[in-house]
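Whole structure, please, built from the sequences with the hints as guidance.
Okay, here's what each chain looks like letter by letter:
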Amino acid sequence: MFGKMMPRMGTPKWGQKPLWGRKPRLKSHYDAVIIGGGLHGLATAYYLAKAHGLTDVAIIEKRYIGFGGAGRNTAIVRANQRTQYNVPLYKEALDLWPVLTRELDFNLMFNNCGNLNLMHSEAAMKAARMTIATAQFHGVESHLIDAKEAKALVPALNISEDITFPIHGAMFHPPGGIVRHDAVVWGLAKGCAKHGVHIHQQTEATAIHTENGKITGVTTSRGKIHTPRVLVTAGGYSAGIIYHMLGIKLPISVLTIQAMVTQPLKPILDHVVSSGAYHCYANQTLKGEIATGAHMDPWPNYTTQNTAHYIKHQAEALSDWLPCLRGVKFMRIWGGLADMTPDMAPIMDGNNLIDGFYMDCGWGYFGFKSCSAVGKYMAAFMASGNCPEMLKPFNLKRYENHALMGETAALVSYTPDN
Amino acid sequence: MNRLNQLPTLRIDPAEKRTLSYRGKSLPGVAGDTVATALFANGVRIFARSLKYHRPRGLYSLDGECANTMMDVDSIPNVRTENTLLKNGMVVKEQNVKGSAEFDWMGFIDKFDWMMPAGFYYHTMHKPAAVWPHAMKQIRKAAGLGEISPDYVMRGRFDELFLKADVTVVGGGAAGMRAALAAAEGGLRVVLLEARPHLGGCFDYRVSDNGDGTPLYQRARELAEQVAATTNIRVFTHAPLVGTYSNNLITAHQVGSDSDSFTERYIEIRSESIVVATGCIERPLLFDNNERPGVMQVGCAHRLARTYGILPGKQAVFAVGHDLGLEAAIDLFDLGLKIGCVADIREDGQNPDLLMALADRAIPVLKGWVAAKAHGKTVTKVTLTTVEGTVKRDFDCDLLVASAGLTPVTGPFIMAQAKMGYDNHTGYFLPTELPERMFPAGRLTGVGDPRAIEASGRLAGLQAAAACGVSLNGELDAAKAATAALPGPERGCKLVTAPVKGRKSFICFDEDATIKSVKQAIDKGFDVPELVKRFAGVGLGPGQGGIPGHNLPLFVAKYTASSATPKPTTLRPPLVPTFIATYAGAHHHMFKRTPLHKSQKAAGGVFRNIGVWKRARYFSDDFDCREEILNVRGNVGMLDGSTLGKFRIHGPDALKALQRVYVSDMSKVKEGRIKYSAMCNDDGCVIDDGVVVKRGENDYYFTTSTGRAGATVEWIRYHTRFDGWDFHLVNLTDAMGVINLSGPNARKVLAKVTDADLSSEAFPFSGYREITVGGSIPARAMRLGFVGELSYELHVAASYMQAVWDLLEEAGAEFGIRNFGVEAQNVLRMEKCHIILGQESEQRTNLLDVGLGFLWDRTKSACKTVGAVALRQAEKDPNRFKLVGIRMEDDDRPARDGALIVDTKVRGYVATMRKSFTTGEAVGMALVEKPLSDIGTRLEIFEDECNGVRLYARVVKMPFYDPNGERMKA
Amino acid sequence: MALTLTCPVCGKRNGYEFRYGGEDKGPRPAEEGMTPSAWCDYVHMNKCTAGVQKEWWFHRDGCGAWFTTYRDTVANLEVDAPEVTE
Amino acid sequence: MAEIRRESPVDFGVRSLETEVRSDWPVALAYDAEGDGPWVVDLSHKTRWDLQDGQVGELTPAGQSVPATPGMSVLADGILINRMNRTQTSIYHLGSDAPDLPDHPGFTDVTEATIFLALFGPHALHIAEKLSNLDLGDPNKEAPFLLQGPFCHVPCQIVTLEKDAEDGTNGAGGFVLTCSRGYAQSMVHAILDAGAEFGLRPAGEQRFAQWLAALSS
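Chains as they are written, first to last, in the working numbering: chain W, 510 to 927; chain Z, 13 to 982; chain B, 26 to 111; chain S, 832 to 1048.
Just so you know, the hints here were simulated from the structure itself, not pulled from any lab data. Be careful, since some hints might not be right.
Simulated pairs of lysine to any residue, SDA-like, Cα-Cα distance not exceeding 25 Å [unchecked claim]:
#: 1; chain 1: Z; residue 1: K610; chain 2: S; residue 2: E849
#: 2; chain 1: Z; residue 1: K176; chain 2: W; residue 2: H822
#: 3; chain 1: Z; residue 1: K176; chain 2: S; residue 2: G1030
Examples of chain B residues lying across from chain S (beta carbon under 7 Å, computed) [unchecked claim]:
#: 4; residue: T31
#: 5; residue: V34
#: 6; residue: E42
#: 7; residue: E57
#: 8; residue: G87
#: 9; residue: C88
Keep in mind that this is a model prediction, so the values were computed, not measured. Where is the CB? At the ideal position from N, CA and C, for every residue including glycine.
Encoded structure:
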């Protein structure tokens, strides 16, 4: 009855035109080629074109944009990393979400609901204090709260003593939250297309060519491209590509990481809550699903298949610390790849081993949170050939110099020799 | 409503009454009812409102493929009422409505769909930016279906089961039962899973005959009896499969009946081979208002009548694309349903016998016709049209039975990573290559003839048995021949949508996605089904793709005019929504207790997790542990150190193995002495420290930290795996308890319970002795000084631990002996600057950084010691951290552990710091960059929540207590 | 995905009973003359093969044996006949 | 001075009907209302040895030869010998008395390192199915046989002494299990919980002795 009185308008005009233009022709030369149409590739291309005027850029994507980690992560963003090298980078990334929303004119649905990272022992509380001090030292809001304060924020939390890992408190990081990951992919693609970047989907890079220590081109499943600059930022596939195409080995193990959602619920969880001890995080999406995940099978894999083991693990963990969810049903599970380094920090390097060759990999499960800022700095790196200060600590040499970054306090051991 | 109480097919017991509470009323039902059938029998037609547009929704499939009948039952949200058996006293509520399902104030939103094309949210509400947070709040409130209370407690008993099977048959219809029986003939272990509460599948409710005069339902019951009589078949009913994984792992959950010991249980089956006989569900017919209450699928209408004794309507119209629809029309007509018309999408290909039977009953049949629109909030009228859309006719009715075709339940194959392809004959997506040792059977292969269904089941059962290595001689060939002789797969109807624009034709009910919104998504560049799913929101709702799974790829292929065959979208576990409580199952908490656990608890111990152990951290509510600490310093205390890792290594090459993993020269370990050393990883970072004693030739006993005990055997064997050395490790961690007796009176206490000579000459610091305690109990005694006092560490057989503890406690009573816990130990050792790995080190801290370089023997490079290369290479690096002792300028204000050492950058951090009860100084240890490590350097400390106020400390000499070690060596 | 591995002692078992031990990089090199890059190559660097690789596993919950096997990292399945794709 | 007693890590939470002290161990001989099975019996006081040697196959612990292949067990004269791998075997003294630890350096007395339980009677293997995915009733193996693997998430040595007949409800089937001593409480709790639906009851050593005698005959 209401509707009948309303004037009927046509579908809004943004409802019709293709988001990232018509399918481009693959040219035989580009000023830069980016292998991998994920968030890092799209963001780098966007900034190359927008900030550095380097618009003759091709993104080569084997499947479709956002196929990999970009479309499989659980969209959590935060800037409460452990070391002083990481915090400023993630802080900038966090600050960029509203900026990009405006620039791209695309709602990235940033929900800065705040993150709680649960602590389950005195030792963990101490470790959190150091991380919090580091955040505060760099102007990032983060606080240590006790179990009762955590419960006040998250009423569903079980703070009793009779669970596997009783909750002592939490690291509360108000500016963090969730961003709609698919929106970032599509928004950046829209931005890339607007500035003339060519996005080639269903196109596989099969070889990278060098001559006299310089990048000369890339062969793809749709033809050869001449180019002086190549960035490999293919998420979990990067390390394999870099070794098998260029012979450069990396300290990376590619693992399958899984996530899942429950059936949609009315608002019950207003924050992103995570627990290292339980290997489990949970947050509620705008659709009302509880998204949860984190556990990884600790051996290398390129499969995105799921495991029964993981679902059960997740259910057991949630039964402990968010027990009301026992009455909720899991609905869907999916997997993606995480390229893990021994120090849980990425490798961003380039223009040294081979002129014009750049890499941006080893992000593990942090690739989403960082993509906006990394795109900005990698673009600056590629445009000038000089590594920006911000990225210098992430060089590859640190591993042979016995100077791991310390992003985790504990050992990351997928193999006993790490 | 009067039930059809006399049907032989019923699965309800009309004599056994049940009640449920709905909208404040108590409604009757009967045993065997689902919640939804009971409500339907009571006249409820609108069960819920849809997620986005709040459209009324009703009973559609009766198998839970969509959220239409999801309700709140006993405060549990999103319960699929059509799959949930009614229990007495259930309280049932509508979800996601303002008002009621019948009259929902939010229903007006349905009129505004034109404002919300696919991807609506991405383009709106972000300009100006201040709008978004408010909009988001409203979106969150509007989204979601059911509600769970944050303090909800799930009742019931949840369990788990891990089975080994030779053959697992998924689906307990006729094909599945025949497969199970065939596989069981050779004595194999067979498991049969059936999602419904009873075996029978699509035979269970049908009265047509199987070719030899037996009605199908009767045939199904015969087979069920045979299955029950076969002892090597284990049957699980009401047990839907939820996942298939590689290496033939299957997961399912089972809903318990009143007589079961569990409410629900999780089942995991590792099976040699698998038969998938999951049958078909129906492919929804797309037309305007195709999801109105009153529109239902063929199986739903048919089973309502035959299984539950409820006539689904009074006046019906059928719009179907397969013979099961015609069969149902005939049977329902015979049961009393009036049928205005049967529209068959197919121009031809119908079973002539069925057409004849329809004609006999004077039911009009329109071939090549389809439903175009349903009218009314619940159906009151339907518009039928020819498939081309040229002619239309209206029919009044309260029931529209609509079904475009069948769609096989191939989830088990998809989840097992089978490659799926489009089959032109059946119109199904079927595996093009079968996963190893997985065999399809029954209707999902496309066959519809009852004898063919059974024969294909037997064949698959035999194939599965053969895959387990059973030799079948000619039986397999005979079964193949028998199957081949029967009618094969039937040609399927391929029509996707009626000739309508599709603004109200719902391809996905749960997310209110229409044909129109799918077109919009494709137009925006999202041209593969997986992307349409994400952008337009199709198949991501609670029904998990059961409704759109088949239609979406068909439609996308059509709309994009793609020359390639349609590609199926993927399916992910759980195939059926499953409670987190069910997945968690029994959820046993496994942790270790020391032999002294009970007495430590009785003594007021406050326990904490330390790795896999529970350990007493405090013995009072003073978590600064003042009394515990001072008693050790001034008197004597006892600590339960049983969690320490303890190992025996023996054999001819035992020393070589120790040399490989310990940084020290282990050939210098002397009998009667303990040697403290450390293990590094290949980065030179310290991973463990402990002591080694030599108990005989090629026979050593060594300790590790609590956290490393579990990985020690693995570590040593890993680093010697290429060497072929002959040595053996025995983990004695749990075999030996450890009592740390520390304090100036420790010797006096110990002397009272042993005859051994404890004098410093006979048993000096760093000594190792095997003594007897309490007259007969052997103990391995070490003189260590971790806490900085005279200390004896007694390693005692676990079963004797309590006895020895009691002896010492009794002996120490006159000295005021008392417990101390892990935190007191932590402070005591900090005062001595003895490090705890993980506390004074992190992953990048090497042996030299923490000042343990003296342990490293550089002359044994032939041993290829783990970590030695890295230590050599890092030795000269000026940029490393170094562990230093620090003292606050203000002794009353110790920095907290984890505080940063800063200037303009972070230069280090405080590892441990306390105000010492012993010395009155605020002292601790910190890891700082080398240039800051000189004695006397002033350090600026940045603590969390300091609000810009810095603290200051200076680097001081270590240790802070008894620098010459006179007390511990006393 | 539900990896099974064949332990030379215990036979085919659930993959979660095992601990992964890295790509097979051959015996421990001599300590003398090891350069930082050679060291790093042995300790940290991986080929990250998408395909069949030879790798180490430890039967942690079982017999405690270290052994090598071949696994297809794309399918996450142990393979019998090794066809190593480098 | 207090009387010296050893303590079993296993506590069923019920008082035994009859107890005997044997080399400082209080041994429960029988419990009240042991029922008709299945039963769980604490054998933690029974001596267990670990034997490791490069040539373990050629040794004859307690006068018995070591089974040739890993996974094989032999039960004779109350002694159960389990071949664990190429160089290792475990020796359980199921009878009442154990000899002194032999002089050979490869032996270690590991009685104290583990708890030792027997679970047998009707449905014993059905209880195991709720706690482990190991195949205790493997039709391809002949009892007794050894499995080393997780039981309720904890690494265990499990020896099936007899498999159940047919569907497992009527059998005298059962197994013995050892796991790290520290897990005693958690493990016993899990087993009793899993066995509740089948009427699992704690039983004394005598019940085990009867079963053992029946197995050996």
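Against the structure, the hints:
no., hint, result
1, Z:K610 / S:E849, "holds (23 Å)"
2, Z:K176 / W:H822, "holds (21 Å)"
3, Z:K176 / S:G1030, "holds (23 Å)"
4, T31, "violated (13 Å)"
5, V34, "holds (5 Å)"
6, E42, "holds (6 Å)"
7, E57, "violated (30 Å)"
8, G87, "holds (4 Å)"
9, C88, "holds (5 Å)"
Violated hints, in rising order: 4, 7; the structure is consistent with all others.
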